[in-house]
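Q: Protein chains in written order, with the numbering used here: chain B, 14 to 251; chain F, 14 to 251; chain R, 14 to 251; chain U, 14 to 251.
Take these hints with a grain of salt, some might be off.
Since the list gives no way to pick out one identical chain from another, each pair is judged satisfied if it fits inside one copy or across any two copies.
Said to hold, decoys possible - In the BS3-like style, the derived pairs of lysine-lysine whose C-alpha atoms are separated by at most 30 Å in a straight line are:
{"no.": "1", "residue 1": "K162", "residue 2": "K227"}
{"no.": "2", "residue 1": "K218", "residue 2": "K162"}
{"no.": "3", "residue 1": "K212", "residue 2": "K52"}
{"no.": "4", "residue 1": "K218", "residue 2": "K69"}
{"no.": "5", "residue 1": "K218", "residue 2": "K52"}
{"no.": "6", "residue 1": "K227", "residue 2": "K212"}
{"no.": "7", "residue 1": "K52", "residue 2": "K69"}
{"no.": "8", "residue 1": "K52", "residue 2": "K162"}
{"no.": "9", "residue 1": "K212", "residue 2": "K69"}
Hints were generated in silico from the structure; no laboratory data involved.
There are 4 protein chains.
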Amino acid sequence: MTLPAADPALVEKIALANRILYRYGVVDGFGHVSARHDKSPSHFLLARNMAPALVKREDIVTFDLDANALDAAGRRVYLERFIHAEIYRARADVQAVVHSHSPSVIPFGVTGQMLQPVFHMSAFVGEGSALFEIRDVAGDTDMLVSNGKLGAALAACLGSRSIVLMRGHGSTAGGGSVEQAVYRALYAEVNARLQMQAKLLGEVKYLNAQEAAKAAAINDTQVPRVWELWRQEIGPIE
Amino acid sequence: MTLPAADPALVEKIALANRILYRYGVVDGFGHVSARHDKSPSHFLLARNMAPALVKREDIVTFDLDANALDAAGRRVYLERFIHAEIYRARADVQAVVHSHSPSVIPFGVTGQMLQPVFHMSAFVGEGSALFEIRDVAGDTDMLVSNGKLGAALAACLGSRSIVLMRGHGSTAGGGSVEQAVYRALYAEVNARLQMQAKLLGEVKYLNAQEAAKAAAINDTQVPRVWELWRQEIGPIE
Amino acid sequence: MTLPAADPALVEKIALANRILYRYGVVDGFGHVSARHDKSPSHFLLARNMAPALVKREDIVTFDLDANALDAAGRRVYLERFIHAEIYRARADVQAVVHSHSPSVIPFGVTGQMLQPVFHMSAFVGEGSALFEIRDVAGDTDMLVSNGKLGAALAACLGSRSIVLMRGHGSTAGGGSVEQAVYRALYAEVNARLQMQAKLLGEVKYLNAQEAAKAAAINDTQVPRVWELWRQEIGPIE
Amino acid sequence: MTLPAADPALVEKIALANRILYRYGVVDGFGHVSARHDKSPSHFLLARNMAPALVKREDIVTFDLDANALDAAGRRVYLERFIHAEIYRARADVQAVVHSHSPSVIPFGVTGQMLQPVFHMSAFVGEGSALFEIRDVAGDTDMLVSNGKLGAALAACLGSRSIVLMRGHGSTAGGGSVEQAVYRALYAEVNARLQMQAKLLGEVKYLNAQEAAKAAAINDTQVPRVWELWRQEIGPIE
Chain B
14 MTLPAADPAL
24 VEKIALANRI
34 LYRYGVVDGF
44 GHVSARHDKS
54 PSHFLLARNM
64 APALVKREDI
74 VTFDLDANAL
84 DAAGRRVYLE
94 RFIHAEIYRA
104 RADVQAVVHS
114 HSPSVIPFGV
124 TGQMLQPVFH
134 MSAFVGEGSA
144 LFEIRDVAGD
154 TDMLVSNGKL
164 GAALAACLGS
174 RSIVLMRGHG
184 STAGGGSVEQ
194 AVYRALYAEV
204 NARLQMQAKL
214 LGEVKYLNAQ
224 EAAKAAAIND
234 TQVPRVWELW
244 RQEIGPIE
Chain F
14 MTLPAADPAL
24 VEKIALANRI
34 LYRYGVVDGF
44 GHVSARHDKS
54 PSHFLLARNM
64 APALVKREDI
74 VTFDLDANAL
84 DAAGRRVYLE
94 RFIHAEIYRA
104 RADVQAVVHS
114 HSPSVIPFGV
124 TGQMLQPVFH
134 MSAFVGEGSA
144 LFEIRDVAGD
154 TDMLVSNGKL
164 GAALAACLGS
174 RSIVLMRGHG
184 STAGGGSVEQ
194 AVYRALYAEV
204 NARLQMQAKL
214 LGEVKYLNAQ
224 EAAKAAAIND
234 TQVPRVWELW
244 RQEIGPIE
Chain R
14 MTLPAADPAL
24 VEKIALANRI
34 LYRYGVVDGF
44 GHVSARHDKS
54 PSHFLLARNM
64 APALVKREDI
74 VTFDLDANAL
84 DAAGRRVYLE
94 RFIHAEIYRA
104 RADVQAVVHS
114 HSPSVIPFGV
124 TGQMLQPVFH
134 MSAFVGEGSA
144 LFEIRDVAGD
154 TDMLVSNGKL
164 GAALAACLGS
174 RSIVLMRGHG
184 STAGGGSVEQ
194 AVYRALYAEV
204 NARLQMQAKL
214 LGEVKYLNAQ
224 EAAKAAAIND
234 TQVPRVWELW
244 RQEIGPIE
Chain U
14 MTLPAADPAL
24 VEKIALANRI
34 LYRYGVVDGF
44 GHVSARHDKS
54 PSHFLLARNM
64 APALVKREDI
74 VTFDLDANAL
84 DAAGRRVYLE
94 RFIHAEIYRA
104 RADVQAVVHS
114 HSPSVIPFGV
124 TGQMLQPVFH
134 MSAFVGEGSA
144 LFEIRDVAGD
154 TDMLVSNGKL
164 GAALAACLGS
174 RSIVLMRGHG
184 STAGGGSVEQ
194 AVYRALYAEV
204 NARLQMQAKL
214 LGEVKYLNAQ
224 EAAKAAAIND
234 TQVPRVWELW
244 RQEIGPIE
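Isolated chain B, as found in the complex (with noise of 0.2 Å):
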């Protein structure tokens, strides 16, 4: 394997990236994070199978873009790190992904509804999430996206779009950096748990498209200011 070494900054805030999204609650026993290799646009990082909130810089492991690892030195991988593969496949402006089971993210996606920007905080959802139904795609499975040609088919379904729902599963968001698929996750299960609270109150007026995506670019010039809280919260590693 002639790769080089990744930024030992950026193992470090996959690292720290589990950690927030546990302290958060995104992510529970289950769920992970992976970013693209900065010196490998065709390699990805994310950790070995284990509890997102138990993970240091030592369990990240580098996969190509089939989900095959290079580096796992027999420790197992998720069975899921398809997801991942094949939207940087898919995708060249994705430089980190979740997956997650973010609680209120779930009845949108076995209701077939969107998640749509219930205040600005969350308007990288601009006109709405995707849906991913596995059952089209594969029949009855074990709802898993476990091999190359379900991932495919989930990152054809996020699109362009910052997230897709999977129905009966979670949900995955793609950024431009870590920072910013860590902000999209959690400000995503914020955003589901309002605009479900809304609904129930009544007529749902959502930022519209140009509210969106004006509101999202401002958002991300503001992102560095909770990262460092949350990077504060979670202190050292190890």
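Model the placement of chains F, R and U on the given structure of chain B, informed by the hints.
A: Coordinates of chains F, R and U only, in the frame set by chain B:
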């Protein structure tokens, strides 16, 4: 009493299970978890009458399948130990039982609705939960399963399912190991919360029977991942 | 003042009760808990005007049944001490009173609906909570039960029940001991949350009167179990 | 700059207010709280652009009523400082302002519904909250109140009320002191949650105008009680 001592690792695991279930809000000051004795299928291990969060190894008592304590040494035992005894008697495949008043599950029992698997994590719910109506067995009671007759009726109602709701009371889940029973009790609570929300949003597409069976099988291979997290979160007991 | 000093264990227990109620979200910066004086049934013990979470033994003040403080020594007292005074006057069986703005109970009071026992843990609700409408007694007020006339009206509304809802304000629960009053205030909150959810799901089958009476009786024998947990969770005060 | 230094106790109180609001979930990584300068009514104090939970005394910057920073010394400032500036300009009685995305309030803004006082603790809501529709002022924007014109429109919408909802964004509360503004922001969140639940249960009887006015007046005398709790919960800053 000529019964050999239970495996200390199993006794330790029951204490740990009590604390995990408390940490995740499945039990509060009430509720209990047992395991079948590893040396004698006609005995089981269950804490003395106490709050689950406080259980230590030395609080675990051995019972026979008539719910008689062998080594209580004067300590009070749970009024509802018959739940455990009769499920172990009826279900040779069950190695551990969790009884709780897990909050989100209660509204289903009192409205006569089944838990159904909203997502793959709760695929063990399969084609739905059973519902135990104690009034049908014994008229107006104190709601407790406090004798063998009521325990046997509950076990019969559970049948071959993984979980039975108890109207106006709580629920009971069985599993093939302590880990699996804890997992099921915890994700039954999560599923109930999500199912309630989904029903308020619209028509729910649950996992079908084939999906549930396949997902339950693959999920069982992932339980050690989350158990390791829970074990570390509790830390050493004592 | 010739009144003998109250049992220090009772004073300590009141301080502990304040902190338990805060830990479980029954009170926030507001709300209070009292006990009838163990040496004089015509006196009661209640903290000075302060946040429940901060109450220590030395903050407990003695009051007569007209809500006059005997030993406030210049310290401010609660505006609503009349709630306690008049319930002790009207109900010889009540030894402790909790007044709170327990959140899930509020929506019942303002929509004119009764708490009813969803599960055996809240069997003490019996055939339903009382509802106090302060407007019927005194027209448009500041909503506070801040004199004897309002206190007496509240006590009359409570009648022989365990809990009275106060429209636009909160609720008040009485018990035969500090432990029982705390238990009732806490499980009234739990019951309210579950009852709301159940009502959204469908037609609710509550405990009937016979079930509630029997379950309440047996539950009272289990209160020491949960009190021991709560006591350990708070730890030493000071 | 000849402006005398603000009272250090006030600066400290603003840092404390930021942390209280974070602890209680009124702000997350976003949101801000300011106070009018105690030596100059035409200036106010507000943190530099950062997460509220991390604010220390030295992060507080002085602004004039055009939202120009006097002593930022190159530090980034909040894009929405105009919210504060224009409310101080319009409302001589306001001494402190909290802007947040307080979650339970959001569903009201996006469905065009007013907060109304469900219980006496939120009597300051009076006859209802105002609602700011930024589209009416500036068409499709990034949703931020990021200039004086938008700030003035928001202040005009607030009028003499205590709180204004901002559609698709959040809310802003004003008070006669830092303590009061924090109290209002926090209990607006509580009220919103209870009001949502009450509306799902049935027809809601809110405090009427007379009750609200009387309750708000008496509650204001109790704010020091809860502030003492919050202060102790945060502990020393730094």
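Q: Against each hint, give a clear statement of whether it holds in the structure.
A: Results for each hint:
no. : hint        : in the structure
1   : K162 - K227 : between (35 Å within a copy, 18 Å between copies)
2   : K218 - K162 : between (38 Å within a copy, 23 Å between copies)
3   : K212 - K52  : neither (45 Å within a copy, 47 Å between copies)
4   : K218 - K69  : neither (42 Å within a copy, 37 Å between copies)
5   : K218 - K52  : neither (44 Å within a copy, 43 Å between copies)
6   : K227 - K212 : within (24 Å within a copy, 34 Å between copies)
7   : K52 - K69   : within (21 Å within a copy, 39 Å between copies)
8   : K52 - K162  : within (26 Å within a copy, 47 Å between copies)
9   : K212 - K69  : neither (40 Å within a copy, 39 Å between copies)
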